[in-house]
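Undergrad: The listed protein sequences correspond, in order, to chains X and Y. For the first sequence, the numbering used here puts the final residue at 437, and the numbers step up evenly by one. For the second sequence, the numbering used here puts the final residue at 302, and the numbers step up evenly by one.
Hints listed in this document are in silico derivations from the structure and should not be mistaken for laboratory results. Here the structure is a predicted model, which means the values were calculated and not measured. Positions of the beta carbon are idealized from the N, C-alpha and C atoms, including for glycine. Please note that a few of the clues may not be correct.
[Said to hold, decoys possible] To give a feel for the contact side, a few chain Y residues facing chain X, derived at Cβ under 10 angstroms:
hint, residue
1, Tyr55
2, Asp59
3, Leu61
4, Phe82
5, Phe99
6, Ile119
7, Tyr238
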Amino acid sequence: MMKGNVNVVFVGHVDHGKSTLIGRLLYDSKSIKDDKVTEIQKLVEEYKRRFEFAYFLDAFEDELKEERTIDTVSLMFEGKKNCYTITDVPGHKEFIKNMLTGASHAEVGVLVVSAEEGVKEQTRRHMFLLKMLGIENVLVVINKMDAVGYKKEKFENVKSEVVQLLEGFGYKDVIFIPGSAMEGDNIYRKSDKMDWYEGPTLIEALDGLEIKQQERAMRFVVQDIYEIEGEEIVVGRVESGRLRVKDKVVFEPSGVVTEIEKIKVYGEELQEANMGDCVGIVIPAEVKRGDVGGHIEKPPKPVNKFMGEVVLIDKKLRKGDTVQLKCGTARVGCKIEQIREKIDLETGEVIEQCPEEIKEHEAATIVFNTEPVVVERFTEIPELGRFVVVKGGKNIGAGIVLDLIT
Amino acid sequence: MRLRELENRSIYIIREAYAEFDKLAVLWSTGKDSTTVLWLCRKAFFGKIPFPVIHIDTGYKFKQMYEFRDKIAKEWGVDLIIARNEEAIKAGVGPQHGKFECCTKLKTQALMKCLREYGFEALILAIRRDEHGIRAKERYFSPRDMQFRWDYKDQPLEMWDQYQSIEEIGYHIRVHPILHWRELDVWEYIKQEGIPVNPMYFAKDGKRYRSLGCEPCTLPIESNAKTINEIVEEIKTTKIAERSGRAQDKEKAFMMQKLRALGYM
């Protein structure tokens with residue numbers, strides 16, 4: 032039996048030890064090949080550095096020289112129960128773009144907090160972003176316990192500070208692990224220096240997570256239409272729910288109601304397709320790229336106006352600006368009708384009502400006036416409740432749909 | 038289940054690339070990864086790949102690679118473009134004068150010429166994150182400028198399958214549909230699908246090739262794995278990296294970063 036894949040992102044403040052922690056996890060689980068270790072040892076000598084576990088991750092010359100992570104990196108390793116894609120993200124504010132790129136596919140977030148320093152600026156900011164990305168599973172490692180003499184009191188102090196932060200973002204009953212990435216305590220192996228702690232190690236906690244998959248309404252996004260041996264095949268992906276042959280489906284914004292005649296993959300006809308499946312369908316109707324299909328009982332509805340929460344990572348957004356939105360395979364022009372509230376990335380609190388503009392590394396709730404497009408509330412169908420803002424051909428911001436305005 | 042997830046994601050990316058770019062091509066070294074990508078392209082388009090397949094020929098590839106290439110190209114009916122930097126080959130460029138120069142001229146520059154000649158906007162490549170630390174930093178859609186440079190310090194925001202399109206004329210996009218696959222996944226998929234692979238991957242006289250490249254710079258590993266099942270078992274337990282037999286990665290520190298910054302694959 033092959034193990035399932037779980038995507039985990041490690042977040043936290045600069046120098047709280049994210050990269051070291053991942054390096055330690057990979058090293059102790061014997062996921063690092065011998066010649067990689069030799070290569071790193073050679074580099075360490077060449078650059079006259081002390082060996083660091085983080086060197087397994089930071090591959091750029093600049094990262095090694097500056098001793099900081101610049102870009103996100105993903106690595107894979109096998110736990111006892113699951114197969115993990117581990118993503119490290121940079122802690123510096125200037126690299127939020129890379130942090131979002133790395134975190135956007137995660138199902139689990141591991142927040143790393145230094146026992147010496149406690150909650151800092153990026154601890155808060157990263158939690159805000161995890162919350163916004165809809166990552167529901169969060170674990171906390173209170174790292175660098177070796178530096179505070181493995182004291183329970185120190186752990187409890189930092190823990191209560193983090194609990195307060197997490198509760199503010201709606202996270203409850205989170206597992207806290209006292210650990211030391213440097214020394215390997217409670218990461219892959221149980222520490223013998225903290226008798227007072229009876230909880231799981233990090234790997235045990237990861238293997239013990241239950242990732243919930245909720246039943247949601249069926250949505251099929253149209254990617255393209257191919258003509259194969261005289262037959263028109265509409266290709267796309269089932270974003271949620273289940274699609275079956277003979278289902279009655281409506282495609283919006285084209286407004287086409289039709290019945291599924293065939294579901295095809297190369298060399299095979301299927302009776303049904305499930306969430307995540309990329310298939311071709313044959314229907315007696317014309318649809319186009321950007322259309323979204325759904326069962327007629329729970330149809331997708333095109334909107335002209337919606338409210339979203341956006342984090343901007345580049346340039347500026349002003350009231351009245353025209354930008355493009357990408358959601359699913361749809362790409363539509365839209366106008367910033369109103370910037371309602373500017374939100375503090377560290378606390379999630381509203382800091383300004385109706386500002387004229389927001390700048391890079393700022394967040395806001397915004398009313399978008401768009402060409403007809405199917406979007407859904409993020410809380411209902413997340414796959415179609417998230418979008419990217421495009422300006423001048425560049426992805427400049429990411430957002431989630433809070434509410435549809437009809 | 039895992040393989041199905043991987044395949045779905047890759048096919049989605051390939052179809053996005055085809056919808057986005059008018060002039061698209063896929064790079065095929067004839068190795069296991071790019072042959073897998075070709076297979077995925079066939080599946081994405083129900084049997085027939087609707088864009089050209091480029092093979093960069095350094096003139097230094099193994100004989101078996103040329104044989105395999107011609108056989109598969111014919112069987113699958115692909116529109117094959119063979120890209121060679123004839124000038125450099127005539128001038129005698131080779132690994133003996135430095136691997137960095139050799140890779141850059143015979144691979145990167147051969148590709149650059151081909152790209153300009155045909156005007157391709159995007160190229161599908163079979164690199165994977167787990168092959169090399171530098172490749173682990175890649176995006177699915179990764180822009181390259183006129184000079185082929187990879188601006189790895191300012192990579193695009195890429196979230197929720199919303200990829201970068203072309204920013205300016207002259208740029209091209211590298212599309213990486215199997216970035217998220219591991220070496221083991223590739224072999225398990227080859228096994229599941231029955232994808233043909235070059236016989237050099239299977240052990241002969243106690244040695245096999247784990248990664249294929251140019252003959253002077255590619256060494257076999259010690260192995261007795263004669264079947265796909267044995268290869269899968271070997272990869273599960275090995276302590277040696279996949280590209281250990283590839284000399285160009287190792288000439289000096291950060292060689293791959295430097296090669297890739299100039300447009301190497």
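Undergrad: If a hint holds in the structure, say so; if it doesn't, say that too.
TA: Comparing the hints with the structure gives:
1. Tyr55: 7 angstroms, holds
2. Asp59: With Cβ-Cβ at 13 angstroms, over 10 angstroms, it is violated.
3. Leu61: This interface hint is violated because 13 angstroms lies over the 10 angstroms limit.
4. Phe82: Since chain X brings a Cβ to about 7 angstroms from Y:Phe82, closer than 10 angstroms, the hint holds.
5. Phe99: Status violated, d = 23 angstroms.
6. Ile119: Not OK, violated: Y:Ile119 not within 10 angstroms of chain X, min 27 angstroms.
7. Tyr238: 19 angstroms, violated
The earlier numbered hints that this structure contradicts are 2, 3, 5, 6, 7.
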